[in-house]
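Engineer: Single-letter residue listing:
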Amino acid sequence: MATTATISISSDIAPGFSGIGESMTLTQAGTLIDIDSTTGFQIRKLSATGAVDLVTMVNELVEPKDSVASKIYIRNIGYKGVIDKSVGVTIGVNAEPIGKLYGGDWLVMPLTCIDADDITANPATDDTVVLEYVMFYEEA
Amino acid sequence: MATTTAAVTLTSDLMSTNMSVSASTTCMKAGTTADGLDQMEYGYVDIASGTAYDIIGNTPTASKASKLYIKNHSTDETYYVSVVLDAQAIGKLYGGDWMFIPADFHDANADIEITATGGTNKICYALFHEGTTLVAS
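Same order as they appear, the protein sequences are chains C and P. Here the first sequence is numbered in the numbering used here, starting from 1 and rising by one per residue. Here the second sequence is numbered in the numbering used here, starting from 1 and rising by one per residue.
In case anyone wonders, no lab produced these hints; they're calculated from the structure. Watch out, some of these pointers could steer you wrong.
What the hints assert, rightly or not - In silico SDA-like links for lysine to any residue, alpha-carbon gap of 25 Å or less:
#: 1; chain 1: P; residue 1: 122; chain 2: C; residue 2: 33
#: 2; chain 1: C; residue 1: 65; chain 2: P; residue 2: 78
#: 3; chain 1: C; residue 1: 65; chain 2: C; residue 2: 18
#: 4; chain 1: C; residue 1: 45; chain 2: P; residue 2: 17
#: 5; chain 1: C; residue 1: 45; chain 2: P; residue 2: 26
#: 6; chain 1: P; residue 1: 122; chain 2: C; residue 2: 80
#: 7; chain 1: C; residue 1: 65; chain 2: P; residue 2: 77
#: 8; chain 1: C; residue 1: 80; chain 2: P; residue 2: 22
#: 9; chain 1: C; residue 1: 65; chain 2: P; residue 2: 11
#: 10; chain 1: C; residue 1: 80; chain 2: P; residue 2: 119
#: 11; chain 1: C; residue 1: 80; chain 2: P; residue 2: 7
#: 12; chain 1: C; residue 1: 65; chain 2: P; residue 2: 86
#: 13; chain 1: C; residue 1: 65; chain 2: P; residue 2: 119
Unchecked claim - Cβ pair distances, simulated, as ranges:
#: 14; chain 1: C; residue 1: 140; chain 2: P; residue 2: 1; range: 46 to 52 Å
#: 15; chain 1: C; residue 1: 82; chain 2: P; residue 2: 35; range: 19 to 25 Å
#: 16; chain 1: P; residue 1: 16; chain 2: C; residue 2: 58; range: 22 to 28 Å
Keep in mind the model is a prediction, meaning the values are calculated, not measured. In this text, a Cβ means the ideal position worked out from N, Cα and C, and glycines have one as well.
Could you put together the complete structure from these sequences and hints?
Structural biologist: Written as structure tokens, this is what we have:
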């Protein structure tokens, strides 16, 4: 076993679109060697607008290697079992907005893990919302 | 209502107890619970090394709930594409890697730009959105 991520997308927007189903094994950059480090699975509760660091690269106990094959998963899991599609949290990298995760939405994306490229979360409202996340990376 | 569903399963044995996380979301228009994303763009392109390209030609309406999927179908694990948004490096997709993000397209510079390295990379992408400005002929 290793670290794997599988995506399945179905949609009836376009007639004939048969969907997407793909899997990837998270490996170290340019190799077939399994990725070897993780932040572990974490949650963060947010109750106010304003950007906060979800991951502060320089504070990781194990220094991530820069500009390789790191990945992060983040999901807006709502609060106390209530997932509100109208409540969004903007996820950013180094203050650059990537996009907004509404209730239940998730992302998987690559990261540079450069010290300046912290992962930020900025709720659109003061409603309490919880993000779950895990980062996989190579040790520097 | 058009329905688009995106599901992910993550598994890992890096920790003492194996991790397995599954999540699924129905992709709705921004801030709504009743209306799903209703437009999409789906493509497959070969990207030669060295030049930066915008992966999406027609920029969707800004600050909506667009979702973008990109996979690098290159079979050589040393090939990769660098993904950049508004001059901010996001990360690299090596051969076999995929990403799925909410894409904000918050201003004219916020295109998703990719640059291939190693050789010609084979890239599949799908954008689910709620409107775009088409280019008049």
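Engineer: Kindly indicate which numbered hints from before are broken by the structure, ordering the numbers from low to high.
Structural biologist: 3, 6 and 10
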